[in-house]
Amino acid sequence: MGDKADVWQGTLALMVLKTLESMGELHGYGIARRIEQTSGDVLSLNYGTLYPALLKLEQEGAIVSEWGVSENNRKAKFYKLTRVGRKQIERETTNWEQTTAILARFLRGTEDPA
Amino acid sequence: MKRLRAALKRFAGMFSTGQREKEFASELEGHLQMHIDDNVRAGMTAEEARRDALLKLGGAEQTRQAYRERGTAPLFETLWQDLRFALRQLWKNPGFTVTAVLMLSLGMAASVAIFAFVDAALLKPLPYEDPRSLVDVTESVAVLPHANLSYPDYLDWKKMNHSFRSLDVYTGTGYLLDTPSGVEPALGLRVTDGFFRTLGVVPLLGRDFYSGEDLLSAPRTVILSYSTWQKRFGGRKDIVGQSISLSGTPYTIAGVLPDSFEFAPRNTVEFWTTMHPGASNSCDLRRSCHGLTGVARLKDGGSIAAALADTKAIAQQLERQYPDSNHGPGATVESLTDAFVGNIRPILLLLLAGSGLLLLIACVNVASLLLVRSESRRKEIGLRRGWLVGLP
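Protein sequences, first through last, are from chains A and B.
Here my numbering is used: the first residue of the first sequence is 1, the next is one more, and so on.
Here my numbering is used: the first residue of the second sequence is 1001, the next is one more, and so on.
Treat each hint with caution, since some may be false.
Unchecked claim - Below 35 angstroms or equal to it, Euclidean Cα-Cα: the simulated DSBU-like pairs (lysine-lysine) are: (1) Lys-1159/B - Lys-1124/B; (2) Lys-1022/B - Lys-18/A; (3) Lys-1159/B - Lys-56/A; (4) Lys-1056/B - Lys-75/A; (5) Lys-1002/B - Lys-18/A; (6) Lys-1022/B - Lys-80/A; (7) Lys-56/A - Lys-87/A; (8) Lys-80/A - Lys-1124/B; (9) Lys-18/A - Lys-1009/B; (10) Lys-1022/B - Lys-1056/B; (11) Lys-56/A - Lys-1009/B; (12) Lys-87/A - Lys-1056/B; (13) Lys-1022/B - Lys-56/A; (14) Lys-56/A - Lys-80/A; (15) Lys-80/A - Lys-1056/B; (16) Lys-1312/B - Lys-1124/B; (17) Lys-80/A - Lys-18/A; (18) Lys-1158/B - Lys-1312/B.
These are calculated hints, taken from the structure and not from any lab test.
Isolated chain A, as found in the complex:
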């Protein structure tokens, strides 16, 4: 548990959105499990932190929610991506790719100061 990485501020929203993009409609618990799986169980995610993040995305119009029934017959709220959400994915993906590319260059630079 102690070796697992914490979720960085601001990345959770993108993980949620990407999960919904690939899975379609999904409930909160499902999203949490899926994020853990996708990260190869390296991330330690407090499931509770997911819900305020979902609420924020819903307030921003990136997702919508609807009550439904889960695969094993539990009442659950299902979240779905909106058009605004898809745009947000595009935008944030580009941002992250740029950030990581820049950071990667720095990291390489310190290893090889040629």
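Use these hints to put chain B onto chain A, whose structure you have.
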């Protein structure tokens, strides 16, 4: 856009807290159930499964708290609480409330009233086209910087100057008006033909004075002020072209000025007529009889200083030409705004500063009242604090 939308939702969320929390409770319940189901399926006991699910969640109460904070706008919520508390306190202390409200409203009312004057006189431009190129033009003598022009001098100034795109003059007059309730006096202003064109004012109804309509030979016409049109003629549209009698002389109504038109030095003028020099008195014909004030529009790019030098030179030339009538030649040219507002600028600024100070004093007074009240509320605050930490 996205943030605004979220902020609005959160603000709205303040009013549906109960509904949202109930919904979240069942969402959380479903989440835990699904997690427990999975755990049991993976081989845990019911007890272990539940504990693990809560652990992974990070605590049910913490989750609810975080959700609640995201759902509303906490800042606004506490603000709203404070506001309600303040209102309750004010309601319970009417004496304090009345004193504070009176003091503050007095301070604010004085400031607002004075500012309205300052705004009208100093900040707003005059209601004419490009008011910055309009100037007030008069002769000047040693004892009087604003000495009126005589009509013959005006004609020479108009002809000889190189600074003005147009130069016109006006002078006050009075008319007797036949009304159903008897004869009434009414103020008039005699102007030269281009007066309204110089100001850049177009009549609301009818037409402006024609060029040459101010000469003695021209038929007599009059332009009404808006309020006169409304008050004396019932705002009738067919008024243009009709004839009225001013001091027994028939005038044809040429037009009506717009409601927005103002002419600060003579704002109560009802009838705007043309000069017709020499018709009613011989003053207009004499070079030594000074009764006119000039208003001019500078040529593009012309400065007031250049116009002043120009008119002074003309005045000197006229003195040489007419030594009998023109003594102590001089001229005054200043911006029309300065001529209208004149020397009240420092007084107004002083008043504004005074009213600002009054407001400041009112605020200080209310602040010290609050200080006194907080002293007398010490016990109550102590009690509230004790209550907060759970003391009896």
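Structure-based check of each hint:
1. Under the criterion of a C-alpha separation no larger than 35 angstroms, the hint pairing Lys-1159/B with Lys-1124/B is consistent with the structure, at around 33 angstroms.
2. Note on Lys-1022/B and Lys-18/A: the hinted pairing holds, with a Cα-Cα distance of about 28 angstroms set against a maximum of 35 angstroms.
3. About 77 angstroms separates the Cα atoms of Lys-1159/B and Lys-56/A, which puts this hinted pair outside 35 angstroms; it is violated.
4. A C-alpha spacing of about 20 angstroms is found between Lys-1056/B and Lys-75/A, which places the hinted pair at or below 35 angstroms, so the restraint holds.
5. For a cut-off of 35 angstroms, the pair hint linking Lys-1002/B to Lys-18/A stands: about 19 angstroms separates their Cα positions.
6. With a C-alpha separation of about 21 angstroms, the suggested pair Lys-1022/B and Lys-80/A falls inside the 35 angstroms cut-off, and the hint holds.
7. Among the hinted pairs, Lys-56/A with Lys-87/A is consistent with the structure: their alpha-carbon atoms are about 16 angstroms apart, no more than 35 angstroms.
8. Distance check on the hinted pair: Lys-80/A and Lys-1124/B sit about 56 angstroms apart at the alpha-carbon level, beyond 35 angstroms; violated.
9. For a cut-off of 35 angstroms, the pair hint linking Lys-18/A to Lys-1009/B stands: about 24 angstroms separates their Cα positions.
10. As the CA atoms of Lys-1022/B and Lys-1056/B are separated by approximately 22 angstroms, the hinted pair is consistent with the 35 angstroms bound.
11. Taking the CA atoms of Lys-56/A and Lys-1009/B, the gap is about 10 angstroms. The hint holds against a cut of 35 angstroms.
12. Pair hint Lys-87/A plus Lys-1056/B holds up; C-alpha atoms about 31 angstroms apart against a cutoff of 35 angstroms.
13. Between Lys-1022/B and Lys-56/A the CA atoms are separated by roughly 18 angstroms; this keeps the pair inside 35 angstroms, and the hint holds.
14. Of the supplied pair hints, the one linking Lys-56/A and Lys-80/A holds, its CA atoms being roughly 14 angstroms apart against a limit of 35 angstroms.
15. The straight-line distance between the Cα atoms of Lys-80/A and Lys-1056/B is roughly 24 angstroms, inside the 35 angstroms bound, and the hint therefore holds.
16. With a C-alpha separation of about 31 angstroms, the suggested pair Lys-1312/B and Lys-1124/B falls inside the 35 angstroms cut-off, and the hint holds.
17. Among the hinted pairs, Lys-80/A with Lys-18/A is consistent with the structure: their alpha-carbon atoms are about 11 angstroms apart, no more than 35 angstroms.
18. A threshold of 35 angstroms between alpha carbons decides the hint, and for Lys-1158/B with Lys-1312/B the separation of about 13 angstroms falls inside it, so the pair holds.
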